[in-house]
Amino acid sequence: MSLTQEDVSRIALLSRIELSPAEREATREQLNGILGFIEQLQAVDTAGIEPMAHAVDVVQRLRPDVVTESDRRADFQAVAPETEAGLYLVPRVVE
Amino acid sequence: MTDLINAPLRELSAALAARKLSAVELATLFLDRIDRLNPGFNAFIAQDREQTLAQARAADASGKVGARDTPLAGIPLAHKDIFCTRGWRTSCGSHMLENFVSPYDAHVVERLAGAGMVTLGKLNMDEFAMGSSNETSYFGPVKNPWDTARVPGGSSGGSAAAIAARLTPAATGTDTGGSIRQPAALCGLTGLKPTYGAVSRYGMIAFASSLDQAGPMAKSAEDCALLLNAMAGFDARDSTSLERPAEDYTRDLEQPLAGLRIGMPREFFGDGMDADVRAAVEAALAEYRKLGATTVEVSLPNSGLSVPAYYVIAPAEASSNLSRFDGVRYGYRAPEYTDLNDMYSKSRAQGFGAEVKRRILIGTYVLSHGYYDAYYLKAQKIRRLIAADFVEAFKQCDVIMGPTSPSVAFAFGAKSADPVQMYLSDIYTISTNLAGLPGMSLPCGFGQGGMPVGLQIIGSWFGEAKMLQAAHQYQKAADWHTRMPENLK
Chain Y
54 MSLTQEDVSR
64 IALLSRIELS
74 PAEREATREQ
84 LNGILGFIEQ
94 LQAVDTAGIE
104 PMAHAVDVVQ
114 RLRPDVVTES
124 DRRADFQAVA
134 PETEAGLYLV
144 PRVVE
Chain E
-13 MTDLINAPLR
-3 ELSAALAARK
7 LSAVELATLF
17 LDRIDRLNPG
27 FNAFIAQDRE
37 QTLAQARAAD
47 ASGKVGARDT
57 PLAGIPLAHK
67 DIFCTRGWRT
77 SCGSHMLENF
87 VSPYDAHVVE
97 RLAGAGMVTL
107 GKLNMDEFAM
117 GSSNETSYFG
127 PVKNPWDTAR
137 VPGGSSGGSA
147 AAIAARLTPA
157 ATGTDTGGSI
167 RQPAALCGLT
177 GLKPTYGAVS
187 RYGMIAFASS
197 LDQAGPMAKS
207 AEDCALLLNA
217 MAGFDARDST
227 SLERPAEDYT
237 RDLEQPLAGL
247 RIGMPREFFG
257 DGMDADVRAA
267 VEAALAEYRK
277 LGATTVEVSL
287 PNSGLSVPAY
297 YVIAPAEASS
307 NLSRFDGVRY
317 GYRAPEYTDL
327 NDMYSKSRAQ
337 GFGAEVKRRI
347 LIGTYVLSHG
357 YYDAYYLKAQ
367 KIRRLIAADF
377 VEAFKQCDVI
387 MGPTSPSVAF
397 AFGAKSADPV
407 QMYLSDIYTI
417 STNLAGLPGM
427 SLPCGFGQGG
437 MPVGLQIIGS
447 WFGEAKMLQA
457 AHQYQKAADW
467 HTRMPENLK
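Protein chains in written order, with the working numbering: chain Y, 54 to 148; chain E, -13 to 475.
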């Protein structure tokens, strides 16, 4: 199958990446090239094969529910684009 | 003693221990060389002379130099800019993180600093490690020291070029689909990707979490073994870090190769590789037979599916991992926007480069409603088939060998217009990541244009010591790994 411009717009919206109308067509062609390449996977018989989600079989470790981190809020917020009173600032989302 | 820029790490260690040389003198030698030569290669993208010299002075005063358990103390190295380094800019090769100064160190950085190593700076790379030529870096491409009209490989291209030009004795790299091994091959170096889980991913900026693994890049297998001793080990902060007893990866280096069974995958010796690469790889295998190893043909029937399976799995994981770059907590924020969604979309559109955006879009698509089973789940099933091929092959051999890359280093622009052609540069390396196996590349000769050729060794799970033994014994018999570009001596 081949992506349309509308498909590309929908994927860009889901990805939160703005595409200009000019970029959209070039992107559509490139994505179709890549999807054409990965299409060969469909021909493989994988009946009864368990999906392999990870490189090694590991079980999620549990740790005691105790505080291990120190408070470094100021350090972490120092790299943020905009903060105030220890909070991250973003455009208003609730009117 | 060999001249300092070409010296094996053991020689540097001995000279430091004997106080013939101080860590400050050694760091200064490389810093001066970087100042003089780096503009021609663009390998280093962050330096801080004062911090480097402070680390060197601390190493000299620490008591670690000459101590048995810290053989690397006082030796300088440089980090791929994917590793978070406290107090240094960590850009991951991206405009998105152009001004990001990490508030913490990656586990690998902590470990190597704890071993007394001195940081020379941060190394250029393909943006977010997505590329095979270093052409996707926001900071401009790295040039191959063997021929500056050619790419150094990627994504750890800065690491490879810096060592090849002898701007650092060693470097860290990361390998998601070949990003340590392919640039090591293209720049004439030795590089090792460990078994998945052997080295902690904490503080290593994530690309595809089920595939990403850090490893050492250096001039020889022995150097890589020493570095891996310092890098590997359990870390509770990485949920996939493996709890295993510590290993000495140098333990088998001096064991002879008599009886070693080398598997040659039929699929790696087909039409795909260039004639010059084939000639060098076959000559290396002949040398191995002389050293007492035997070769046996094995088959990895599904390995041809590794590149397409990877280009479903890796972008899917990347689209999820890179969603954290939202212009809120760190990284780039667009200067103008209308609302929150517009801020996200513009920040990401302006902050990411073309290849990164392409992979996020592909990943988003293959994970989206209605396509998840057809693409992502299908690729994960094929991933199991690829891993199972290796289980079968390792019943007949101890290590697998073949080419690292189908060609020597190519010219800038040769593959950058067609993403799929670029993806195929990693055709021999990707299956290793999908299976979680360790792999390495070491120099085995020169091909077209006098460019280095890499021999790939793939080990069984946790077979690092065996691979390193095989590589070291070859490097005692052949001297390809000691070569450097003539004009840089």
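Wrong hints could be hidden among the right ones.
What the hints assert, rightly or not - Quick partial rundown of chain E residues pointing at chain Y, CB under 10 Å, derived from the structure:
no.: 1; residue: P301
no.: 2; residue: V314
no.: 3; residue: S331
no.: 4; residue: A340
no.: 5; residue: A360
no.: 6; residue: G399
no.: 7; residue: S402
no.: 8; residue: V406
no.: 9; residue: Q434
no.: 10; residue: L474
no.: 11; residue: K475
Claimed, not checked - With a straight-line cut-off of 20 Å between C-alpha atoms, the simulated EDC-like cross-links for lysine to aspartate or glutamate are:
no.: 12; chain 1: E; residue 1: K462; chain 2: E; residue 2: D238
no.: 13; chain 1: E; residue 1: K367; chain 2: Y; residue 2: E103
no.: 14; chain 1: E; residue 1: K475; chain 2: E; residue 2: E(-3)
no.: 15; chain 1: E; residue 1: K367; chain 2: Y; residue 2: E92
no.: 16; chain 1: E; residue 1: K367; chain 2: Y; residue 2: E78
no.: 17; chain 1: E; residue 1: K367; chain 2: Y; residue 2: D110
no.: 18; chain 1: E; residue 1: K462; chain 2: E; residue 2: E273
Said to hold, decoys possible - What follows is a list of derived Cβ distance ranges for each label pair:
no.: 19; chain 1: Y; residue 1: G89; chain 2: E; residue 2: G100; range: 23 to 33 Å
no.: 20; chain 1: Y; residue 1: V120; chain 2: E; residue 2: D465; range: 49 to 59 Å
no.: 21; chain 1: Y; residue 1: P144; chain 2: E; residue 2: D234; range: 50 to 60 Å
no.: 22; chain 1: Y; residue 1: T57; chain 2: E; residue 2: L326; range: 26 to 36 Å
no.: 23; chain 1: Y; residue 1: P104; chain 2: E; residue 2: D260; range: 27 to 37 Å
no.: 24; chain 1: E; residue 1: D465; chain 2: Y; residue 2: A106; range: 35 to 45 Å
no.: 25; chain 1: Y; residue 1: E103; chain 2: E; residue 2: D465; range: 44 to 54 Å
no.: 26; chain 1: Y; residue 1: G101; chain 2: E; residue 2: G100; range: 40 to 50 Å
no.: 27; chain 1: E; residue 1: D55; chain 2: Y; residue 2: R114; range: 41 to 51 Å
I should point out that these hints are in silico values taken from the structure, not numbers from a laboratory. We treat Cβ as the ideally placed atom computed from N, Cα and C, and that holds for glycine.
Going through the hints against the structure:
1. P301: 8 Å, holds
2. V314: 5 Å, holds
3. S331: The hint holds - E/S331 has a Cβ within 10 Å of chain Y, the shortest such distance being about 4 Å.
4. A340: 9 Å, holds
5. A360: This hint holds: E/A360 lies near chain Y, its Cβ roughly 7 Å from the closest one there, short of 10 Å.
6. G399: 17 Å, violated
7. S402: For E/S402, the interface hint is violated, since the closest Cβ of chain Y sits about 12 Å away, which is over 10 Å.
8. V406: 5 Å, holds
9. Q434: Since the shortest Cβ distance to chain Y is 27 Å, the answer is violated.
10. L474: With a closest approach of 37 Å, the E/L474 hint is violated.
11. K475: Not OK, violated: E/K475 not within 10 Å of chain Y, min 41 Å.
12. E/K462 to E/D238: Holds: E/K462 and E/D238 sit about 14 Å apart, inside 20 Å.
13. E/K367 to Y/E103: 6 Å, holds
14. E/K475 to E/E(-3): 19 Å, holds
15. E/K367 to Y/E92: Holds, at roughly 15 Å.
16. E/K367 to Y/E78: Given that 20 Å is the threshold and the Cα spacing comes to 32 Å, the pair is violated.
17. E/K367 to Y/D110: This hinted pair holds, its Cα atoms lying about 15 Å apart.
18. E/K462 to E/E273: 11 Å, holds
19. Y/G89 to E/G100: 23 to 33 Å: 48 Å, violated
20. Y/V120 to E/D465: 49 to 59 Å: 55 Å, holds
21. Y/P144 to E/D234: 50 to 60 Å: 55 Å, holds
22. Y/T57 to E/L326: 26 to 36 Å: Given a distance of about 28 Å, which is inside 26 to 36 Å, the answer is holds.
23. Y/P104 to E/D260: 27 to 37 Å: 35 Å, holds
24. E/D465 to Y/A106: 35 to 45 Å: 44 Å, holds
25. Y/E103 to E/D465: 44 to 54 Å: Cβ of Y/E103 to Cβ of E/D465: about 47 Å, so the range 44 to 54 Å holds.
26. Y/G101 to E/G100: 40 to 50 Å: Holds - the Cβ-Cβ distance for Y/G101 and E/G100, about 47 Å, lies within 40 to 50 Å.
27. E/D55 to Y/R114: 41 to 51 Å: Violated, since E/D55 and Y/R114 (Cβ atoms, about 27 Å apart) do not stay within the stated range.
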